[in-house]
Amino acid sequence: MDNATEDAAAAGRVRSAIYFDGKSSRRWAVVLAFGEQLEISAEDLSPVLWSYSDIRRVDGAPGMLRVSCLSAPPLARLEIRDASLAAELASGCLRLGENRLDGRSVAKIVGWSLAAVVSIIVVVLFAIPFAADRLAPLVPEPFERRLGDAADVQLKTVFAARACNDPAGQAAFGKLMSALGKSADLDMPVQPSVLATPIPNAFALPGGRVYLLNGLLAKANSPDEIAGVLAHELGHLKHRDSLRELIYNGGTSFLIGLLFGDVMGSSAVIFASRTLVTASYSREAEQNADTFAIDVMQKLGRSPKAMGELLFRVTGKEGNKSLSILAGHPLTEDRLKRMSDLDRPASGPPLLTAGEWSALKSICGPRDKI
Amino acid sequence: MSQMSFVPQHPPPLPPVAATFSGDRGEFFRLTARGAALELVTFGFYRFWLVTDIRRHLWSHTAIDGDAAEYTGRGKELLIGFLFAMAILVPIYLVYALISIEAERFKAFGSFPLLIGFYAFGQFAIYRARRYRLTRTVWRGVRFWMDGSGWAYAWRAMLWGCLVLLTLGFALPWRAAALERYKMRHSHYGELQGRFEGRGWEFFKQFWWLWLLSPIAIVLFPLAPFFYAEFKAREWRWWLGGLRFGAVRLESKLLPTAFYGLYWKVIGWFMLLVTVTGAYFGLCGAVVAMLSDAPSATPAAISRSIPLLVMFGLGYLVLILSLNVVMRLYLQRDVWARVVASIHLHGIEAAANVGAKGDLASALGEGFADGLDVAGF
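Listed in order, the protein sequences are those of chains U and A. At position 237 of the first sequence (counting the first as 1) the number is 237 in this note's numbering, and the numbers step up by one without a gap. In this note's numbering, each residue carries its 1-based index in the second sequence increased by 370.
If you're looking for bench data, these hints aren't it; they were derived computationally from the structure. Hints should not be assumed to be uniformly reliable.
EDC-like cross-link-like pairs, simulated, lysine to aspartate or glutamate; straight-line CA separation at most 16 Å [stated by the list, open to error]:
hint, chain 1, residue 1, chain 2, residue 2
1, A, Lys623, A, Glu605
2, U, Lys238, U, Glu309
3, U, Lys23, A, Asp729
4, U, Lys219, U, Glu309
5, A, Lys446, U, Asp102
6, U, Lys337, U, Glu309
7, U, Lys23, A, Glu561
8, U, Lys238, U, Asp187
9, U, Lys299, U, Asp343
All values reported here derive from a predicted model rather than from experimental measurement.
Pulled out of the complex, with its shape left as it was, chain A reads as follows:
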């Protein structure tokens, strides 16, 4: 290990260093609100740039050992990745349609197993999208990167998925641990190789009682957000605690109750916005009823008025976009801030002089993930 055998003993390990998040909440809100408005104007095409802006904000305000990270991905890359993914997905969809016609001839809904193929493709996309994000993450002038095979990962995810189905969810923690081991084994920070040391059994110990209690949440549904928040917090803590890069070890002190407030605030905003939209719909209906001649204004006739439908459509879009802003603010930014603030790193001195290595990966994986509507971390 050490060449300096004349040193009588190793220096004591440095105290753990903290990760910090310094992002301004108002700035993030303005970013997402502007992004939502632009998404409306561009019929959703702005999503590539909005996602990029959000990541740039989160990454650059996250500092480890005093040095802020940087996200070097760009919206244009995501757009090109999406277009390439579409060029590949369209023929696959067509072949899928033709094969499923043949399968349906033999048995009604006989084409259902073909959907499993799409699930595998989704897992592949998740792996490749993670690779894109990781290679766009830079800290201290050195990028993270990933090798390994998306298909090997998809294959593992499928086999573990079967096991989870067979055991009614019991095998979920071991699936998570096994897949994380594969992903982290192939993740690197420069020349430092990553690995994952979280054990399925530890994860299971964290949440088995939630798994048993979950039927109660179906009956007493106000409990469900508590259960979910508790599960997410424990999952984050277990995951972070298992991450290693060389001799660098992560530890998270996230409290299991850390997300309770966030989920309830989202639900509160959700109900408030839906109520406001409902009131707006009622108001529009009343105005249209007053403007049209009173005797013939039956409820049915009012519901057919074109201006009213346009006003309803606008109200609906504004509702959807403001819900998007709320979810991004609480479930992305606030969760991120809490998670980052809970992280301590041990052995950070191992990252003090790491050689740069690794190439950029294309955004094709993100394009697939967008086209297939899958998300993963």
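Chain U with its partners taken away, still in its complex shape:
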């Protein structure tokens, strides 16, 4: 036949292997000859020469050495099932294992991942707050208004609540809001409303929407308490906090989601880390809104202490209940203390008369809940 067979015969055995030429699925029973280059030959196969430095190991079944060759068709494969022949070939091919994932490449993956994680953390902690602060004022007002409209429709569905419209109550509410508005000096029109729901809360939405929930009104003892809370919400509007928070939350959830990918249970991790980072961001916004509310109340000649008292009545002492780094608001007792420290006897006229106050209290009709 040819030299290869004779050489092998001289060595006392046939160096047989299986060869696939990468052009068809035909299985060739071949013999190998180790010359200048690796020679692969079979009866009706024109001899194939593989240079040793081009031979690479690829995945094969256990007990089999499967190699490819850089200069051959990419899927050409040589399979050696005889262990001593495999060892003989391996000893000749110095760069056999080069396409394996070794410890160094794993270390590289780990290193780059850590770099990516650090950069994402930096972006979440510094770049996104910065971008949110800068972008929020650039958002055109009509867009912000649309955002508020969309949220308004959704909100009313979620709370299954209607806006309260008792005329006397509306008049009192309007008077209170215009007094606050003048003092707050806002650059946008405000659309305030009271929603009939027993939940004690108040909030602001983009586009100048302020909501007072009836549950909070029911717990309030004086107009000043409600005025303080509303001034706080006006502070959020003035600082465009909901828009900033929207940009901030969108950015951080996206980045943190990208980080954890499809690891099972990642949604819990995403939720936890988001709670941590956004809480600190919104705590700062709350503190600024408090500062704003204190300022507005003092301009009106009323004490900010009333607002703190109302909050304390609603939440109770918070210090034992929740972890301060997880809370989106500063602790109520801290807020009460801050507002009490600035307590002064009232110098301005009362914001509402007793009659107006009771009309406001029953703006959602005679109270049967709560």
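Following the hints, position chain A against chain U.
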């Protein structure tokens, strides 16, 4: 057919050949355990390489007619595919957010139909991800490959999905058969074209009683794993039995009960790991309570201690990662091993000399599937 008309009759067909899986279970366990640890260290970025390692292990230990397959995909390709997919998905997410604001103005949750668009995109991703995996599958020096259009597939999947909804799941077998026909019609092994001959009706006959009995499993929930295992085994058998490449025909002898043990073992491990983690949490709490001064240590104060939260977080991560290892070991490796061992191939001689054909597909589809959190086969 045959040019050799002088041969009086065709040779008798060769007996069917078996597919074998020779992977070592311990090796697979070490692979996934190491991968899980690296996923923890790299905050999940190692997933691309782990998935690749798992596929390389499964493919290279699977032999058909004595020749082992090979997976030629690499983790780096998946990472690049993922980054490209993100670059495309991010603007889409932004546009989606803007459109949904407009839709919400008209009606609360009016943006919900937009999610259907994401479902279609997910189907597209499933098709393209399958194409990536198939073009990285090599057997006897010839690769599998796929043509056809991901969007045409997504469109079919959507229409069939509507029908399934309208018929309360009744049309599911026909949907599966129709989608498989599309996928297999566009799948090739070199020059051999694939096709799918499984019929929806046969699938329906296999599982209609499970469909009827499934309300019982909601009440008697320990039955649910049996039902699911039975359904999966029957689905695999039906699917494998319908696969064709040219004259090569597959047949599976998978028993309907084949997966019962696997699902129960997963549930057992799940409960054991959760119990161990619970005990660990309790122990951490007790240690922290002992170390802090006794009188002021109310339960509320203990729950606010930072070291405790860190220990809880670590315990949680270890739990999640070990559950990942358990699921990969039983639901990927063991299911694979059982399924492969059940396969017989008829007419394998048609694959003895198949010309190579087909190009590599990009990993973009896998990236979309990762970004959209969808999985499919």
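Each hint, compared with the structure:
no. : hint                   : in the structure
1   : Lys623/A with Glu605/A : holds, 12 Å
2   : Lys238/U with Glu309/U : violated, 24 Å
3   : Lys23/U with Asp729/A  : holds, 13 Å
4   : Lys219/U with Glu309/U : holds, 11 Å
5   : Lys446/A with Asp102/U : holds, 14 Å
6   : Lys337/U with Glu309/U : holds, 10 Å
7   : Lys23/U with Glu561/A  : holds, 11 Å
8   : Lys238/U with Asp187/U : holds, 8 Å
9   : Lys299/U with Asp343/U : holds, 13 Å
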